[in-house]
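Participant: Let chain A serve as the given structure and place chain B on it in line with the hints.
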Amino acid sequence: EDQVTQSPEALRLQEGESSSLNCSYTVSGLRGLFWYRQDPGKGPEFLFTLYSAGEEKEKERLKATLTKKESFLHITAPKPEDSATYLCAVQGDPSGGSYIPTFGRGTSLIVHP
Amino acid sequence: GAGVSQTPSNKVTEKGKYVELRCDPISGHTALYWYRQSLGQGPEFLIYFQGTGAADDSGLPNDRFFAVRPEGSVSTLKIQRTERGDSAMYLCASSLRGGAPYEQYFGPGTRLTVT
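Protein sequence lines correspond, in order, to chains A and B.
For the first sequence, this note's numbering begins at 1 and goes up steadily by one.
For the second sequence, this note's numbering begins at 1 and goes up steadily by one.
Looking at chain A on its own, in the form it has when it is part of the complex (with noise of 0.2 Å):
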């Protein structure tokens, strides 16, 4: 069974103060690993997605690198509106033909200005 574990379940940063967000995973054959940002009440917004080793991704103060164990989204200078709960989700080898995401609990980053 597929498994992710997010770390730390909540964040508080000042703005400007950089840090990493992890997401560990146990996955049969990983086909992917996705980082998707949640605003409260409202549905994922997808953010990246990694598929193998030694990938790395960036987007504005955003980026994800991902290792055979987990992946880290680091945040560079974060800004308030930084502000939301990241998800990390993992693809496998799908059973039957279906690729179903496990995703984790995530992370709750506040940016105080």
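No lab work stands behind these hints, which were simulated from the structure alone.
Heads up, the beta-carbon is just placed ideally off N, CA and C, and yes, glycines get one too.
Each hint should be verified, as a subset may be incorrect.
[Unchecked claim] Here's a subset of chain B near chain A, in silico, CB distances under 8 Å, partners left out:
hint, residue
1, Phe-45
2, Asp-56
3, Tyr-105
Facilitator: The following block gives chain B in isolation, referenced to the frame of chain A:
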């Protein structure tokens, strides 16, 4: 272009009633997913459609939950004899295809409250 839409945005119903939640995916996306999310949790998979057929319904918690996608576009999640434990955010997502790990695009969700 238009994203995934869901209606209603909020639904309050009494225990024992029947509810329908609608999802309109991104045009051209053949795969459609339903999830349920409780406060402080990640999305929990319910059912996945590839085209008109339910390719994987292993996440439906019991036979009170049913979903359809008759024309391969709009989908309806149906819950019979609602229980207070069904209260949650119901999310719909679509992706280009389901036969590969494509990223999913989520709708705004329907907040269901069973009183």
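Participant: It remains to establish, for every hint, whether it holds in the given structure.
Facilitator: Hints and how they fare:
1. Phe-45: 5 Å, holds
2. Asp-56: 4 Å, holds
3. Tyr-105: Holds: closest Cβ of chain A sits about 6 Å from B:Tyr-105, inside 8 Å.
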